[in-house]
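Protein chains in written order, with numbering that gives the first Met the number 0: chain H, 0 to 436; chain F, 0 to 436.
In short, the hints are calculated from the structure, not lab data.
Remember, it's a predicted structure, so these values are computed and weren't measured experimentally.
Idealized CB from N, CA, C, for every residue including glycine.
Misleading hints may appear alongside valid ones.
Stated by the list, open to error - No more than 25 Å apart at the CA atoms, straight line, and that leaves these computed lysine to any residue pairs for SDA-like:
1. F:K192 x F:Q19
2. H:K131 x H:G120
3. F:K131 x F:E368
4. H:K192 x H:I8
5. F:K382 x H:K131
6. F:K1 x H:P109
7. F:K382 x H:A216
8. F:K404 x H:K131
9. F:K131 x H:D316
What the hints assert, rightly or not - Simulated restraints, written as ranges between beta carbons of each label pair:
10. F:G183 x H:E308: 42 to 50 Å
11. F:R236 x H:L292: 54 to 62 Å
12. F:Q19 x H:N379: 26 to 34 Å
13. H:A229 x F:R415: 48 to 56 Å
14. F:D243 x H:L296: 51 to 59 Å
15. H:L296 x F:G183: 53 to 61 Å
16. H:V301 x F:D84: 19 to 27 Å
17. H:Q275 x F:H396: 36 to 44 Å
18. H:L296 x F:D372: 32 to 40 Å
Number of protein chains: 2
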Amino acid sequence: MKNGLCFLIAAKRSEMLQLQQLARTSELVHATASLVHGLQRERGLSNLVLASGGRLHCAQRQQQVEENRAWEADIRQCFNALDTDSPQPEHGARLFSRIAYVLQGLDALPHLRQQIAQHNGTPERATAAFVKLVAGLLAVVFEAADSASDPEVSRLLVALFNFMQGKEFAGQERATGSAAFASGRATHAAQHKLLNLLESQERCLQVFHDFASVGMAGLWHQSQQGAPLAELERLRRVLCTAADGAPLNPEHSSPWFEVCTRRIDSMRVVESRLAQDLVTLCEERLAQAERELQAYLQLKTVPPTGTPEEQANAFFDEAPAPPPTTVAQAGAEPATITFATDRDALGPQLGRSILELVHAQSLRLQLMEAELDTARASLNERKLVERAKGLLMAHRHLSEDDAHKLMRHMAMSQNRRLVDVAQAVLSMADVLPARNR
Amino acid sequence: MKNGLCFLIAAKRSEMLQLQQLARTSELVHATASLVHGLQRERGLSNLVLASGGRLHCAQRQQQVEENRAWEADIRQCFNALDTDSPQPEHGARLFSRIAYVLQGLDALPHLRQQIAQHNGTPERATAAFVKLVAGLLAVVFEAADSASDPEVSRLLVALFNFMQGKEFAGQERATGSAAFASGRATHAAQHKLLNLLESQERCLQVFHDFASVGMAGLWHQSQQGAPLAELERLRRVLCTAADGAPLNPEHSSPWFEVCTRRIDSMRVVESRLAQDLVTLCEERLAQAERELQAYLQLKTVPPTGTPEEQANAFFDEAPAPPPTTVAQAGAEPATITFATDRDALGPQLGRSILELVHAQSLRLQLMEAELDTARASLNERKLVERAKGLLMAHRHLSEDDAHKLMRHMAMSQNRRLVDVAQAVLSMADVLPARNR
Numbered sequence: 000m001k002n003g004l005c006f007l008i009a010a011k012r013s014e015m016l017q018l019q020q021l022a023r024t025s026e027l028v029h030a031t032a033s034l035v036h037g038l039q040r041e042r043g044l045s046n047l048v049l050a051s052g053g054r055l056h057c058a059q060r061q062q063q064v065e066e067n068r069a070w071e072a073d074i075r076q077c078f079n080a081l082d083t084d085s086p087q088p089e090h091g092a093r094l095f096s097r098i099a100y101v102l103q104g105l106d107a108l109p110h111l112r113q114q115i116a117q118h119n120g121t122p123e124r125a126t127a128a129f130v131k132l133v134a135g136l137l138a139v140v141f142e143a144a145d146s147a148s149d150p151e152v153s154r155l156l157v158a159l160f161n162f163m164q165g166k167e168f169a170g171q172e173r174a175t176g177s178a179a180f181a182s183g184r185a186t187h188a189a190q191h192k193l194l195n196l197l198e199s200q201e202r203c204l205q206v207f208h209d210f211a212s213v214g215m216a217g218l219w220h221q222s223q224q225g226a227p228l229a230e231l232e233r234l235r236r237v238l239c240t241a242a243d244g245a246p247l248n249p250e251h252s253s254p255w256f257e258v259c260t261r262r263i264d265s266m267r268v269v270e271s272r273l274a275q276d277l278v279t280l281c282e283e284r285l286a287q288a289e290r291e292l293q294a295y296l297q298l299k300t301v302p303p304t305g306t307p308e309e310q311a312n313a314f315f316d317e318a319p320a321p322p323p324t325t326v327a328q329a330g331a332e333p334a335t336i337t338f339a340t341d342r343d344a345l346g347p348q349l350g351r352s353i354l355e356l357v358h359a360q361s362l363r364l365q366l367m368e369a370e371l372d373t374a375r376a377s378l379n380e381r382k383l384v385e386r387a388k389g390l391l392m393a394h395r396h397l398s399e400d401d402a403h404k405l406m407r408h409m410a411m412s413q414n415r416r417l418v419d420v421a422q423a424v425l426s427m428a429d430v431l432p433a434r435n436r
Numbered sequence: 000m001k002n003g004l005c006f007l008i009a010a011k012r013s014e015m016l017q018l019q020q021l022a023r024t025s026e027l028v029h030a031t032a033s034l035v036h037g038l039q040r041e042r043g044l045s046n047l048v049l050a051s052g053g054r055l056h057c058a059q060r061q062q063q064v065e066e067n068r069a070w071e072a073d074i075r076q077c078f079n080a081l082d083t084d085s086p087q088p089e090h091g092a093r094l095f096s097r098i099a100y101v102l103q104g105l106d107a108l109p110h111l112r113q114q115i116a117q118h119n120g121t122p123e124r125a126t127a128a129f130v131k132l133v134a135g136l137l138a139v140v141f142e143a144a145d146s147a148s149d150p151e152v153s154r155l156l157v158a159l160f161n162f163m164q165g166k167e168f169a170g171q172e173r174a175t176g177s178a179a180f181a182s183g184r185a186t187h188a189a190q191h192k193l194l195n196l197l198e199s200q201e202r203c204l205q206v207f208h209d210f211a212s213v214g215m216a217g218l219w220h221q222s223q224q225g226a227p228l229a230e231l232e233r234l235r236r237v238l239c240t241a242a243d244g245a246p247l248n249p250e251h252s253s254p255w256f257e258v259c260t261r262r263i264d265s266m267r268v269v270e271s272r273l274a275q276d277l278v279t280l281c282e283e284r285l286a287q288a289e290r291e292l293q294a295y296l297q298l299k300t301v302p303p304t305g306t307p308e309e310q311a312n313a314f315f316d317e318a319p320a321p322p323p324t325t326v327a328q329a330g331a332e333p334a335t336i337t338f339a340t341d342r343d344a345l346g347p348q349l350g351r352s353i354l355e356l357v358h359a360q361s362l363r364l365q366l367m368e369a370e371l372d373t374a375r376a377s378l379n380e381r382k383l384v385e386r387a388k389g390l391l392m393a394h395r396h397l398s399e400d401d402a403h404k405l406m407r408h409m410a411m412s413q414n415r416r417l418v419d420v421a422q423a424v425l426s427m428a429d430v431l432p433a434r435n436r
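Bound conformation, chain H alone:
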């Protein structure tokens, strides 16, 4: 018969098993960041190849393709290492579903590359194809961030996801600007797209800033100084302020591509550090959880204090002794509180009753959940947009692209943010079907 102690230990073991899964997911996120970066480069090079009719950058593209094949092999290995047969955390089904999508995309990649190598198709089509695959990979990182069970890991994943998403918007900005300069003419449509990408980028980088460590945010700000950024801002201004139909200098296409690339490469340095930090943090957490579990398991040999009668009275009468909790405010981080109960000292359970330990554990789990909720709340904006898109797809039988375009159009014509349109779509959904059916 399992007793209270068994479940006290089971709760601890459950935390540890969750961290193990989180550690595997983090390896996957790390590999994803590398592949995404490679695909962003390949996208840029493929554009140059197609736009020049195969005269330019063919060798570099080929080299990047080779490199990406290695990253792809890495990520496929991570996918294989995931345990798909055991019970998964709640988000398991969503993560697997995202991975299924990515694998379809990776399987389609050789075919796309063949077409590009034969200078088949437009730069726009190639860009759209890579955008789709990268979006699928980012969705994997999103699910990982949404399902992390440790508050600190969750914060780091939120920072990383938003940084990656911001970097992807920067990559799309590069492609959009290149095409605009190359076309030699400013259009309102392209300007609007560009302004949208800039705004989305800023929002992502703000969330990154809110959730990243001070050191990491500093590293990012440091990299955003100096001449290249000033040149980028100048070219952005040229692109965004030209009158509809006004001429643009096609010669600017190349320096634009150049400064954008330098910025994206500097983002890669931060991204790569974030991804590495994530893996390290998970390893630390896991080692810590294992030590904690061992300390709990010791209770089986060193029984806790109190006779059965004392324990009974303790349960019904006495207020449990307060857990030896220290409340620490994490430096200049956004306001959250870290409760270190049994985390900092090993074996604090010796000399305490099971009831005290149960109270301390419940308290810690509760406060961990509160911290997790804070980090996850930052992911809600994207979720609302995705859900609204899903609703439109289901109600109006739209494709995903068309649903997104419809919402984008509503946002533009009503001059509202995409997330506000999403909210409106979702609240309408509660009303409309009832009337229509």
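Take the given structure of chain H and dock chain F to it, following the hints.
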């Protein structure tokens, strides 16, 4: 090497494994409801035994104790049946932690009963002891509701938890009123406690009403008609409107206990049906998920449509065909939308590409999550109160009881709801430690 199809199936299997755990948790909730009801009766009878110095209701109490031992054996069996060694859903640690607490309480029960049998201790002390154990059991149901992975099961669990919590407040109302009449004198303190219990009860029953099926809500309203309720309301009025220190008729103690008991027994009928419905619903869901999984597994033998080249083009160019989704508004239920994609028809995947299946699956998971969030949001009020209590325990080194009393006192003196006080405590917490340290 696992391909997209593998992960499509893994996502489905993950859903099924979650439902298996949910089915086990539902058995546990069912057993919990029975034990809670038994303990509520034992609490009432113990009070009568102690108040009468052992002259009244000794045999009935003994009979109830025997019955409760059987319920206890049931619930311990459910605890044993839980898999404590495999990875658990995110909430696993919290559920186990709650169970550890309950087991400490159950182990302490024989000692408490012995004291009652010897007419040792006051009715107040015995009531407080049972209240503590019942609160522990309700916390198990709460975690089950908070962790359910299926929207429909989640709604039912939210309804059941709130109904059980409301019934527990009704039980505490019975004890408080009995003591007040027996004491022969009205006090503001007792009146305030009573009003609080009534308000809490109503709030719980309102949430039950919001989430229960139409049939179940109707069953409840039907049971709340007629003479006994009118008598209860009359006695409630007597209790709540008497001036501070005014005499109360001790003879009313017995009819008060009687009408309260009849009401609680009628609540048991609804509670019991809810608990049974829960088990049935989980079984249905599980059987359905198993059929769905089998249909997905067939894909391995009947490969989906499309050549590799067609599949590649589908990924990069074509909008995926909209999933055969039907949008159904559930009758007079609160506004939610049920998306039946692959739920109603078996094997709809035949003749569709993997990409289409992946899209349909992602869409369904997304909308399921949205529905889950709605049900879970209703649990937030309690979470906020629990978290604020935890914060006070940690910051001020208070016991749980004292933290609760402090918040209750703040709510009374500021004439605010407990949840608003909790919110204030939590938002203060972000500010205070930074200044103090």
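These are the hints, each one checked on the structure:
1. Annotation: proposed proximity of F:K192 to F:Q19 is violated, straight-line Cα distance about 41 Å (limit 25 Å).
2. Annotation: proposed proximity of H:K131 to H:G120 holds, straight-line Cα distance about 16 Å (limit 25 Å).
3. A threshold of 25 Å between alpha carbons decides the hint, and for F:K131 with F:E368 the separation of about 33 Å lies outside it, so the pair is violated.
4. Our distance criterion of 25 Å between C-alpha atoms is broken by H:K192 and H:I8, whose separation comes to about 54 Å.
5. Between F:K382 and H:K131, the direct Cα distance comes to roughly 39 Å. Violation of the 25 Å bound is thereby established for this hinted pair.
6. Restraint check: the Cα-Cα separation between F:K1 and H:P109 comes to about 18 Å, which is no more than 25 Å; the hinted pair holds.
7. Between the alpha carbons of F:K382 and H:A216 the distance comes to roughly 32 Å, so the proposed pair goes past 25 Å and is violated.
8. Simply put, F:K404 and H:K131 have alpha-carbon atoms about 55 Å apart, too far for the 25 Å limit, and the pair is violated.
9. Using a Cα cut-off of 25 Å, the hinted pair F:K131 and H:D316 holds, with the two alpha carbons roughly 10 Å apart.
10. F:G183 and H:E308 have their C-beta atoms about 35 Å apart, which leaves the hinted 42 to 50 Å range violated.
11. Checked against the hint of 54 to 62 Å, the pair F:R236 and H:L292 passes, with Cβ atoms roughly 56 Å apart.
12. Remark: the range hint 26 to 34 Å for F:Q19 to H:N379 is upheld by a beta-carbon distance near 29 Å.
13. Checking the proposed 48 to 56 Å range against H:A229 and F:R415 shows it holds: the Cβ atoms sit about 54 Å from each other.
14. Between F:D243 and H:L296, the C-beta spacing of about 56 Å keeps the proposed range 51 to 59 Å intact.
15. Roughly 56 Å separates the CB atoms of H:L296 and F:G183, a value that falls within the hinted 53 to 61 Å.
16. A C-beta distance of roughly 22 Å is found between H:V301 and F:D84, which places it inside the suggested range of 19 to 27 Å.
17. A hinted range of 36 to 44 Å for the beta carbons of H:Q275 and F:H396 is consistent with their spacing of about 39 Å.
18. The hinted window of 32 to 40 Å between H:L296 and F:D372 holds, with their beta carbons roughly 37 Å apart.
The earlier numbered hints that this structure contradicts are 1, 3, 4, 5, 7, 8 and 10.
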